[in-house]
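Novice: All chains should be built: construct the whole structure from the sequences, respecting the hints.
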Amino acid sequence: MSTNFTEGRISKFDSSGKNNQLMRMRFKITRMAGYMILILLTIFSIFPLLWMVLMSLKDRDETYSGNFFPSHVTLSAYQFVFSTMNIGTYMKNSLVVTIATVLISVFLATLSGYAFARLEFSGKQLIFLILLTTLMVPGAVLIIPLFLLLRDMKLLESLFGLILVYVGGGLPFSMFLMRSFFQSLPAELGDAGRIDGASELGIFWYIMLPLARPGIATITIFQFMGTWNEFIFTNTFVHVDANRTLMPALFSLMGQYSTNWPALTAALTISIIPIVALYITMQNQFQSGLTAGALKY
Amino acid sequence: MKSSVIPDLSARKQRQPFHMTERRRRALYGYLFILPTVLFFLVFVAYPFFQAIGISLTTWHGFDKQIFVGLKNFKSLFSDPLFWLSLKNTLIFTLITTGLQTILPLLIAVLLIARWRGEVVVRTIMFLPVIISMVVVGLLWHMIYDGNFGVLNNALTFLGLGSLTHAWLADPHTVMGSIIIVSLWASLGFYVVIFFAGLQGIPVELYEVASIDGANTWQKLTHITVPLLWPVTTVVMILNIIGGIKVFDVIYVMSSGGPDHASEVLGTYLYATAFSNQAGDIASLGYAAAIGFVILILCVIGTVIQLQITGGRADVY
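One line per chain: the protein sequences are A and B, in this order.
Residue numbers 1 to 297, in my numbering, belong to the letters of the first sequence in order.
Residue numbers 1 to 317, in my numbering, belong to the letters of the second sequence in order.
Read the hints as simulated data drawn from the structure, not as lab findings.
Please note that a few of the clues may not be correct.
What the hints assert, rightly or not - Each computed EDC-like pair below joins lysine to aspartate or glutamate, with the alpha-carbon atoms no more than 20 Å apart:
hint : chain 1 : residue 1 : chain 2 : residue 2
1    : B       : 65        : A       : 152
2    : B       : 220       : B       : 208
3    : A       : 154       : A       : 241
4    : A       : 92        : A       : 152
5    : B       : 220       : B       : 205
6    : A       : 124       : B       : 22
7    : B       : 88        : B       : 208
8    : A       : 28        : B       : 119
Said to hold, decoys possible - Negatives, chain B to chain A, calculated, CB over 10 Å:
hint : residue
9    : 57
10   : 65
11   : 68
12   : 77
13   : 91
14   : 95
15   : 159
16   : 171
17   : 189
18   : 306
19   : 307
Positions of the beta carbon are idealized from the N, C-alpha and C atoms, including for glycine.
Specialist: What follows is the structure, given as structure tokens:
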């Protein structure tokens, strides 16, 4: 593997000098090996998901046949998932929680990120540092007191309680990303607005917000993914079936219908549709946004 | 525009006090803008955090009276064999995933950057598992690993390796390794993309100059790529270390720490201690909170050691 690392990047350089046939042969072989490795990696990444989708299209009788492709494609598992497993409710709950969390936390993180980046007030650095240190605190530390807090607020078993917890947990990181985004914008823009007599709110709303779109896309993706995929809090704080979100529901369905693989894989497939749809529409922001976020962290 | 600038500035110069109130007004907006964030933080992060410290110093089952016991919970951890087992498993999981999920993505990224047809497709597909919840990933692989009808065993039989078929998650010897593979599958694309972005930042000229000087591919890797990627590598390792120490979802849904605690990690042990529904076991919140702080302390230690070893580059954070 070590022979073809950078060959491609410098190939122009190499081949222009020596037109040696042996070199070219070697180059061809390493390229072939490279393609092989990449193809295998792609298969490794896609195969489980492909298997999942194909299994969900199978007839229940065919579950254990060992056939990779369904002998005849049927959507009966999907019917079962909606009629018997009640996945529509869980889906709706997850969507409500996720969209509310994203809207609230993106709005608040943008406001505070802007303030930390561009407004001057005393104690700013200290408050910022305190908010930042909590990025290290694992959910495991907070889960017991949060459970008690929601119990005292009579918000256990409710979607609203979940939304509050998710907003609180996600805000510091989103604020941090928005702050560095606003810092990358020229400060003169705000000053120009001030000179023209715009209010601070006006500057934020009419000048900064439109420019902050790429940053907002990034934190939207982070929050959407984090909330949609979150498991431990929602599994602990909500047990009433009518208010369950998708992830804990999938987990308990796995126990209930452990042998009905077409139905289970259909449920899993449905559960990833919103996030995959978001990924396909915002693919570049996904990769650049998530990695940029990680590097800043 | 120019005409509006000049009178405004002159007005400011004349009336100095107005400038002060202007500054104060901006500060007021600053506080106003951060207020909701700070409030959310205080109620849902800071207050629970300090409460967790309090709980960890008590004996409490959630319904009875809290009894202050000082550091007793932390002392009890030392003589708890299950705690030590969970700690050992957590460290093993963290060590192996950090190793695999740093070296493999680095090599793949180095390979991937060498201009391939369809490189974007490969990256897109490899990134797909990254966006999927660990719960879904865990449940999916649970079926793949199934001892009787799992596709992995089917594949092994098909390849003539029928003797290797296994109830992967039910065997204490294979459960950890199986889960680690799942972790690798789910995160590979993420770290590849991070390294890929880092590699794009290395000027091609460096490799060209090295070629002129007669450096071979291996030398270019060890003398250019690895040193210049060091800051990115540090970040990847820290993310891996913290992720490994905090691991919960994937293990909880795949094995719940079993069989016979073979895959018990600190996260699952904490959860079982705090929210156990098993008959006979009563939840012990003080003890669970203490485990939570062990997780926190390990995260801090892991990060500090990592920064020490790699000579912490503060500029990447």
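Novice: Look at each hint and say if it fits the structure.
Specialist: How the hints compare with the structure:
At most 20 Å may separate the alpha-carbon atoms for a hinted pair to count; residue 65 of chain B and residue 152 of chain A meet this at roughly 16 Å. In summary, the hint linking residue 220 of chain B to residue 208 of chain B is supported, as the alpha carbons are separated by about 10 Å, within the 20 Å threshold. With a CA separation close to 17 Å, the supplied pair residue 154 of chain A and residue 241 of chain A stays within the 20 Å bound. A C-alpha spacing of about 26 Å is found between residue 92 of chain A and residue 152 of chain A, which places the hinted pair above 20 Å, so the restraint is violated.
Our distance criterion of 20 Å between C-alpha atoms is met by residue 220 of chain B and residue 205 of chain B, whose separation comes to about 12 Å. The hinted pair formed by residue 124 of chain A and residue 22 of chain B meets the criterion: a straight-line CA distance of about 18 Å does not exceed 20 Å. With a C-alpha separation of about 47 Å, the suggested pairing of residue 88 of chain B with residue 208 of chain B is violated against the 20 Å cut-off. Only pairs whose Cα atoms come within 20 Å are accepted, and residue 28 of chain A paired with residue 119 of chain B is accepted, the gap being roughly 18 Å.
Once the 10 Å rule is applied to beta carbons, residue 57 of chain B is consistent with being away from chain A; the minimum gap is 13 Å. The non-interface label for residue 65 of chain B is consistent with chain A: the shortest C-beta to C-beta separation is roughly 14 Å, beyond 10 Å. Interface exclusion of residue 68 of chain B from chain A stands, the closest Cβ pair being 16 Å apart, more than 10 Å. Distance to chain A confirms residue 77 of chain B as a non-interface residue, since its nearest Cβ pair spans about 14 Å, more than 10 Å.
Distance check for residue 91 of chain B against chain A: the nearest CB is about 16 Å away, which clears 10 Å, and the non-interface claim stands. In this structure residue 95 of chain B is separated from chain A by more than 10 Å, as the shortest Cβ-Cβ distance comes to about 18 Å. Residue placement check: residue 159 of chain B keeps its beta carbon more than 10 Å from all beta carbons of chain A (closest about 13 Å). For residue 171 of chain B, the requirement that its beta carbon stay farther than 10 Å from each beta carbon of chain A is met, with the minimum near 18 Å.
At roughly 7 Å from the closest C-beta of chain A, the C-beta of residue 189 of chain B falls inside 10 Å, breaking its exclusion from the interface. For residue 306 of chain B, the requirement that its beta carbon stay farther than 10 Å from each beta carbon of chain A is met, with the minimum near 13 Å. No beta-carbon of chain A is positioned within 10 Å of the beta-carbon of residue 307 of chain B; the least distance is around 13 Å.
Against the hints set out earlier in the document, violations occur for numbers 4, 7, 17.
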